[in-house]
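Dock chain F against the given chain R, drawing on the hints supplied.
These protein sequence lines map, in sequence, to chains R and F. So in this note's numbering, the last spot in the first sequence is 252, and the numbers never skip. So in this note's numbering, the last spot in the second sequence is 1157, and the numbers never skip.
Hints are all accurate, no fakes.
What follows is a list of derived Cβ distance ranges for each label pair:
(1) F:Ile1118 to R:Gly197: 18 to 28 Å
(2) R:Pro145 to F:Leu1116: 14 to 24 Å
(3) F:Pro1081 to R:Pro233: 20 to 30 Å
Listed below are several chain R residues computed to face chain F (Cβ distance under 8 Å; list not exhaustive):
(4) Val3
(5) Gly62
(6) Ala74
(7) Val164
(8) Arg166
(9) Gly178
For the record, the hints were derived by calculation from the structure and aren't laboratory data. C-beta: ideal position from N, C-alpha, C; glycine also.
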Amino acid sequence: MTVSRRVEQVMGMPISIALRGRHAGDATGEAAWAAVLHQLRYVDRVFSTYRSDSYVSRLDRGEITLADCPPEVAEVLGLGEAARLESAGAFDVRRRDADGRAQLDPSGVVKGWAVQRASAVLDGLEDTDYCLSAGGDMVCRVVDPDAPDWQVGIEDPRDPTRLVARIPVRRGAVATSGLHHRGAHIVDARTGRMPVGVASVTVVADDLTWADIDATAALAQGHGALAWLQTRPRRTGVVVRADGTAEVFETP
Amino acid sequence: MKRIVLWALSTLSALVLLFGYSTSTSGVTGVGTATTSVYSGSVAGAASTPAATPGTGSSTGTSTGSPSTVTGAVAQTEWGPVQVELTVAGAAITKVDVLQYPSGNSRDTEINSRALPILIQETLDAQDAQIDMVSGATVTSNGYLQSLQSAIDQASA
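So that you can see chain F by itself, here it is in the shape it has in the complex:
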């Protein structure tokens, strides 16, 4: 039994790797064009932050009470490289600096069709309107059962 579960899990991760591979190759059309812009700012409403000591590219320690900065490693994301620096005072993060962030969205060059909403004047239920999915304020698991989306999912399940 245990062996079967393990086998299933390893199959699943292999699939994840497989899909992960195909997606990462489809997502790199903009390599070389992704310029970076730098955002920086202190957290709104945060307590005044004493001059931060420069990050060293790794942890400089926390929980001593005096503010310290931690510079994260550069994360290679689907959009380009991202690097942030956190200022920590005690156990609270008082400042987030974005040292590196991809600007633009090179992946989107192929996307050009504009989707323009059409207002619905009369009352329609989702079936009449031939709706595939419903967008609304965040539906929680509790609210889902009463939602139009639930009705659509049930109708063709």
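Only chain R is shown next, with the shape it has when bound in the complex:
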């Protein structure tokens, strides 16, 4: 099947789309892609901690209140708090800056949530399969029962030119968190320390919001990643340990 692909840089990361079927490469498909990008750029303007004029930055500085923010801000903060509680504090949308001041940083929630939300636009495309990825975290759908699964490759955390696993996906989300690429950008919020014992965590779930949260929360727990993932409902995935061994998990 012919796959139509597009890439754009939004939120500081590549957004890749693959479409097959009726609207792959036609004007309707292009319009849907434009609408996806439009939504993601809006999310970036609201939530970016790199933009001093974003709602989240202004909220964090106390210049505005929650009542002044679009409703999505409350939704994301609610998600962040739910994630903190479900990970026993390993995941937190608040972090300490160099001066020890608590800073609001919901980016760990925003990406998965935003892409899941934007993918709803693509659900409106009839007879069209899609895979929408933001920096390696993605939502996939196959509508035609005779069409093949999307094949998602899981990068080797020690060598990004290689793969450690592939996942055939018909409908669902795949998210990976690891300690490579950007260096150590994930810490256990309870200790402020980098996790040890685990190199990357990939989670497959029904939606990307929680796949992304769970991958990050599990990675933050280091050696405890797999044990915690076993407690999560309806997930599959791969944990790659620091020694390079990989383990597949599946929960009911």
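Chain F alone, transformed into the frame defined by chain R:
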């Protein structure tokens, strides 16, 4: 020229509205079944928070230095209603309380196929493995050019 740009923009927002409409109707299969559960907790590591005054459903003022709570309006999301309350001391948010949050994920009832990862033993490049997308730790715009995903995107662009 300006008129053309405006026209293009209005066309785009019309499309967004169109898609937004079709998605919101497809997302409401679980209306009426979305129960809510209440999360509450203080921010890990935050300074001790004096007893918060009850929110009034709107802003109760900030930046005076004494802690105040702000209860957001109920946001109707794709998943159900969400409401949070923030405690603000000075310019810092010291506490997030979730007053209302949808539990369960009613939209997922139609999703039942499990995707089980298959470990790859030998070295394969993405082309050989017939890979459509690559999942890895967050690829930034800078790292993208060297990534496998970039190679896949280029191959069929």
